[in-house]
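Construct the complete structure from the given sequences, taking the supplied hints into account.
Line by line, the protein sequences are chains A and B.
One point on numbering: in this note's numbering, the residue at position 13 of the first sequence is 13, and numbering is uninterrupted.
One point on numbering: in this note's numbering, the residue at position 388 of the second sequence is 388, and numbering is uninterrupted.
Hints in this document: simulated from the structure, not taken from any laboratory.
Quick reminder that beta carbons are idealized off the backbone N, C-alpha and C, glycines included.
Check the hints yourself; a few may be wrong.
Said to hold, decoys possible - A short list of chain B residues far from chain A (calculated; beta carbon distances all over 10 Å):
| no. | residue |
| --- | --- |
| 1 | S79 |
| 2 | G359 |
| 3 | G394 |
Stated by the list, open to error - Looking from chain A toward chain B, a few residues come up when the C-beta cut is under 8 Å (computed):
| no. | residue |
| --- | --- |
| 4 | E16 |
| 5 | T119 |
| 6 | E120 |
| 7 | K121 |
| 8 | R277 |
| 9 | L278 |
| 10 | A280 |
Unchecked claim - DEER-style ranges, computed between Cβ atoms:
| no. | chain 1 | residue 1 | chain 2 | residue 2 | range |
| --- | --- | --- | --- | --- | --- |
| 11 | B | R215 | A | L283 | 30 to 36 Å |
| 12 | B | G196 | A | E270 | 35 to 41 Å |
| 13 | B | E137 | A | W59 | 32 to 38 Å |
| 14 | A | P19 | B | G270 | 46 to 52 Å |
| 15 | B | D128 | A | A116 | 31 to 37 Å |
| 16 | B | E125 | A | Q47 | 22 to 28 Å |
| 17 | A | Q47 | B | F186 | 21 to 27 Å |
| 18 | B | R215 | A | A116 | 31 to 37 Å |
| 19 | B | V362 | A | Q47 | 55 to 61 Å |
| 20 | B | T368 | A | T48 | 43 to 49 Å |
| 21 | A | T48 | B | V9 | 38 to 44 Å |
| 22 | B | R223 | A | L283 | 24 to 30 Å |
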Amino acid sequence: MTGMADVVLVEDRVLELTPAPETRRRMLADVIGHREVLMALARKDFQTRYKRATLGVLWAVAVPVLQAAVMAVVFSKIVRFPATGGYAPFVMVGIVAYTFFSSTITVGSTAIVDNASLTEKVWFPRALLPIVPALSNLVGFGISFLVVVLLLPAFGVPLEPRLLLVVPATLLMVAFTVALSLLLAALHVYFRDVRYLVMAALLVWMYVTPVIYPKDLPNLARYAWVFDLNPLTGVVDLFRLSTIGHAPGWGRSVTITVVATLVLGIVSLEVHRRHDRLFADQL
Amino acid sequence: MMGPAVELVGVTKTYTKLEERAMLLRSLLPFARPKRTPLAALADLDLKVDAGETIGVLGRNGAGKSTLLRVLAGVSRPSSGVMRVRGRVAPLLSVGVGFHPEMSGRENVYINGMLLGLTADEIAERFDEIVEFAELEQFIDTPVKFYSSGMFMRLGFSVAVHVDPQVLLVDEVLAVGDLAFQLKCFDRMRELKDAGTTIVIVSHSMHAIRLLCPRAILLNHGRLELDGDVEEVIARHHDLLSQHDDHDPHEHSGEGYAGGVDVVERELLGPEGPTRQLRRGVPVTLRCRLRFDRRIDSPLVHFTVLAEDRTVVYQMRSVLNHEHRRYDAGEEATVDIRFTPQLGGGSFRFMVQVTSVDGRDVLYRETTGMLVYVPPPLGTAGVADLDATITLDGTVLTDYPDITL
Chain A
1 MTGMADVVLV
11 EDRVLELTPA
21 PETRRRMLAD
31 VIGHREVLMA
41 LARKDFQTRY
51 KRATLGVLWA
61 VAVPVLQAAV
71 MAVVFSKIVR
81 FPATGGYAPF
91 VMVGIVAYTF
101 FSSTITVGST
111 AIVDNASLTE
121 KVWFPRALLP
131 IVPALSNLVG
141 FGISFLVVVL
151 LLPAFGVPLE
161 PRLLLVVPAT
171 LLMVAFTVAL
181 SLLLAALHVY
191 FRDVRYLVMA
201 ALLVWMYVTP
211 VIYPKDLPNL
221 ARYAWVFDLN
231 PLTGVVDLFR
241 LSTIGHAPGW
251 GRSVTITVVA
261 TLVLGIVSLE
271 VHRRHDRLFA
281 DQL
Chain B
1 MMGPAVELVG
11 VTKTYTKLEE
21 RAMLLRSLLP
31 FARPKRTPLA
41 ALADLDLKVD
51 AGETIGVLGR
61 NGAGKSTLLR
71 VLAGVSRPSS
81 GVMRVRGRVA
91 PLLSVGVGFH
101 PEMSGRENVY
111 INGMLLGLTA
121 DEIAERFDEI
131 VEFAELEQFI
141 DTPVKFYSSG
151 MFMRLGFSVA
161 VHVDPQVLLV
171 DEVLAVGDLA
181 FQLKCFDRMR
191 ELKDAGTTIV
201 IVSHSMHAIR
211 LLCPRAILLN
221 HGRLELDGDV
231 EEVIARHHDL
241 LSQHDDHDPH
251 EHSGEGYAGG
261 VDVVERELLG
271 PEGPTRQLRR
281 GVPVTLRCRL
291 RFDRRIDSPL
301 VHFTVLAEDR
311 TVVYQMRSVL
321 NHEHRRYDAG
331 EEATVDIRFT
341 PQLGGGSFRF
351 MVQVTSVDGR
361 DVLYRETTGM
371 LVYVPPPLGT
381 AGVADLDATI
391 TLDGTVLTDY
401 PDITL
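What follows is the structure, given as structure tokens:
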């Protein structure tokens, strides 16, 4: 048994690099071993983002809430979308979730290139970099979401135990966002077009996701399954289910999101495992 | 059982140089893939550095020094071969890499320390020592963007040397900072060395390498050219540099030629003929063969000796005029500059310049000059050799220990 302990010790202290990518076990150990770094980077990211603004983190809340308010006025008073439980709560929940996704993907997809100076001389798993904005944006999301929840009773939506579904909803949202960020960030190292493709895609993505209009609009109901193929639909549905208690067909959309997240996550991690110590050559 | 601290076996690192910018679409289409040319930055490198050893890495720009450091730091993996490093590696970052400008020195120390492998508690333990060493007690809570480059570097160095690395990688940073801090760095590196830290230093400053490394390696086009005693390696490095000079098409004409006079031939002659090594007190002659392109009256010839950092060590000039002889276009003349070198150790550049008599028109100018290497006299450092002796109660001392600053 002592022999085994020795092996572990040696393995732990020796960095051995060959042309082969790391083993999956080693990669997992590396990522877990750097969790303190991850938290420190996320803290730093959060602090520096709002450090110079007088209102600080309030901006992370003010922008989506303002956007939701504008949407609520425009689409319930002017265009008049019918939404069960009132349009304002419906759109607020959608916007807050989508804002987390889009702001995280924007930063996350370019994180490896943008932080090149950080990893030029010291190695840590580059997979940490796209995860950082997801963690730091979680604070702003949490506060915005809390504001929305507190406003719900004012719109006649009672707070019920189903609100606990917020936990799996948030986990699913973060997992999907991180999985996609990881893949895009790796691609961006090789193809700098990714930054612009992402900007364009996010513009469209909001409108193909039932964020500001319900997917059960009479003239859309037939295409509900098309919406459900979009993994973000499941995220938004789960948040609506937990708050306003109404998300038709959420079973299918959430299942699709879970499967998509798992597949994307495995592919992303594999890409990182194979390319981690090669990224540096492209930066 | 401990092996060497650093071990490279047949390490090759090839970069793929894309002929054109990688484009997403073109890479997806098999028939339109951009051309790829492999570029070997390191070629079949074998190297062993024992624990506690300090080794210098020399080589011209592009010889593979930075690539070697990247592989050692684990940032980049080899294309073939195996690299092993035992223990914690702390790369001494070139000024402030990894520092976030908006954050205070304190916050940056924590982030940096963690990136180098310490836990928050371990950093807290060493925090005061790090700040004291960097001499930044008053500014530690100031955002580092307000730091001077010297302060930046001091903090970076201080963190790196306080994480108790088993392997310290030093990349050309010793040139920054004031002299007092440089001395402190040297001292600290010696302490680490005595404590058993393995140090790999990449520097263009032979002075720094000579002071710290008994052993050095020389890289040339990614290959290991020489691995051995530091003086031997420095001498070989100079040979390579001067060979490079000789192959430089700009050396004798072109760049040097500024209109009017060209130096068509130039050599350094010792007592036994052409040489590139100088010895103290042995006179040498720098012989230049000038060709005049047009009629020029009494030009001035300037002879300058520059040290490694391009400070002027010596300069003299003379009017080229003997018995009112004028030189017509196409005529040639031999100019001998004879002198007795009293130079300290290091590399020097001998530059020749020809101007009009009032110095206003430059007729011939060199930018690189002739590179000459002088082995350091025992027990000395500096650009000049004053041939000092130290006596103790009247007895001349001849016991020279390791060169110290």
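Structure-based check of all given hints:
no.: 1; hint: S79; verdict: violated (6 Å)
no.: 2; hint: G359; verdict: holds (46 Å)
no.: 3; hint: G394; verdict: holds (54 Å)
no.: 4; hint: E16; verdict: holds (5 Å)
no.: 5; hint: T119; verdict: holds (7 Å)
no.: 6; hint: E120; verdict: holds (6 Å)
no.: 7; hint: K121; verdict: holds (4 Å)
no.: 8; hint: R277; verdict: holds (4 Å)
no.: 9; hint: L278; verdict: holds (7 Å)
no.: 10; hint: A280; verdict: holds (4 Å)
no.: 11; hint: B:R215 / A:L283: 30 to 36 Å; verdict: holds (32 Å)
no.: 12; hint: B:G196 / A:E270: 35 to 41 Å; verdict: holds (40 Å)
no.: 13; hint: B:E137 / A:W59: 32 to 38 Å; verdict: holds (34 Å)
no.: 14; hint: A:P19 / B:G270: 46 to 52 Å; verdict: holds (49 Å)
no.: 15; hint: B:D128 / A:A116: 31 to 37 Å; verdict: holds (32 Å)
no.: 16; hint: B:E125 / A:Q47: 22 to 28 Å; verdict: holds (23 Å)
no.: 17; hint: A:Q47 / B:F186: 21 to 27 Å; verdict: violated (36 Å)
no.: 18; hint: B:R215 / A:A116: 31 to 37 Å; verdict: holds (33 Å)
no.: 19; hint: B:V362 / A:Q47: 55 to 61 Å; verdict: holds (56 Å)
no.: 20; hint: B:T368 / A:T48: 43 to 49 Å; verdict: holds (45 Å)
no.: 21; hint: A:T48 / B:V9: 38 to 44 Å; verdict: holds (43 Å)
no.: 22; hint: B:R223 / A:L283: 24 to 30 Å; verdict: holds (25 Å)
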